[in-house]
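Chemist: Let the sequences and hints guide you as you build the complete structure.
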Amino acid sequence: MKKKRIVCLILCLFLFAYEWTARAESAPFFSFDAGSAQAERNGTVRVTLSAGKRGSDSSNPAGFRAALEYDPERLALQRIEVSDRVQDGAFQYYDNGQQITGVYVCDGISAPRLSGTILTFVFSVHADAPAGKGQISAAVDQVVDWSGHFSDEDATEQELDFRVSPPLSQDALLSSLIPSVGALQPPFSPDVAEYAMNVPADVSKVEFQADAKDGGSVRVSRKSLLGAGQATEIVVTVTAEDKKSKSQYLITVNRARREEEASSEEASRAAASKASSASSRRSSARAPSSARPRASGGNAAPPGSAPPQSAAAYGERNLYIAGGQLPEAPLWIIAGCVCVLTLLTAAGIFRSKK
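Just so you know, we're using our numbering here: the sequence shown kicks off at 1 and counts up by one.
Incorrect hints may appear among the rest.
The list that follows gives simulated cross-link-like pairs (lysine to aspartate or glutamate, EDC-like), each with its CA atoms no further than 16 Å apart [said to hold, decoys possible]: (1) K133 x D161; (2) K243 x D214; (3) K223 x D202; (4) K213 x D242; (5) K213 x D171.
Derived by calculation from the structure, the hints in this document are not laboratory data.
Quick caveat: nothing in here was measured; it's all calculated off a predicted structure.
Modeler: Structure representation (structure tokens):
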């Protein structure tokens, strides 16, 4: 039973090795590869031509023709890099702006062994190349050995695809800005650069979930806040995908005062208000004694007396009735009193002369 198993295992290994050898022999000797299928504007696309391995040197190719057709709207041939396995001057080519035709012919007494990468076609991508899929058609034919025999089975044709990436974005804008605490005022908009927000006194830090548009990057200046009752400015810097354009968003975070600080401040304000009211009342009480009308002729009225009510002229003298307690008398009464006083004065003078 064990012998049968061993025989079956050997048979399976033999069949697997035979199939792998047959596939290797049926594979083309030459092959093309475009490497990374993604290309950027002002970048490069590299197409390599590789050769397989042969069992004998007599079957090594002594000559072949290579042709590549490319999209001139997207690509331009920059150079062709030749491997050390290729003799100097053995490969010559011509480029007409959209197709490359090259011929390899070796020199010497025998064909050198070619294996691995033998040629690299380097294309530059135009700065204004249309974004999207591009294609390169590559072929190797007319393969001949050192004896002059052509080998059609070594010929190959391949279609190589590549894709030009869209241009890098120059927009340095946020697509979202969400604080961990509180709310932005005004609500977030990519075109609004300044915001304010209020947080309680016990909040010591605010973190932001900030996302940039079109592959840009974001940096937040800080997340810790200043002390209670103070305003903290946080700057969010956005760098565009092209690494050249930048913009900034400013968020002012107002942290509330603590309750004991607010109560102390309110008490101070109340005391200041009471002191101001008392000072105003004292000023009002002194106001009537500070302004007294002046009597006519420039003589000030004595303190505590009322201003004169009326005055009558007699010659060059003025007669004032002061006190303000008697009612005003008609002019004829005043004139009569003046006459009586005059007569009495004259009579007294006459008696004294006798």
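Chemist: If a hint holds in the structure, say so; if it does not, say that too.
Modeler: Here's how the hints hold up against the structure:
{"no.": "1", "hint": "K133 x D161", "in the structure": "holds, 7 Å"}
{"no.": "2", "hint": "K243 x D214", "in the structure": "holds, 12 Å"}
{"no.": "3", "hint": "K223 x D202", "in the structure": "holds, 14 Å"}
{"no.": "4", "hint": "K213 x D242", "in the structure": "holds, 12 Å"}
{"no.": "5", "hint": "K213 x D171", "in the structure": "holds, 7 Å"}
Checked against the numbered hints given earlier, this structure breaks none of them.
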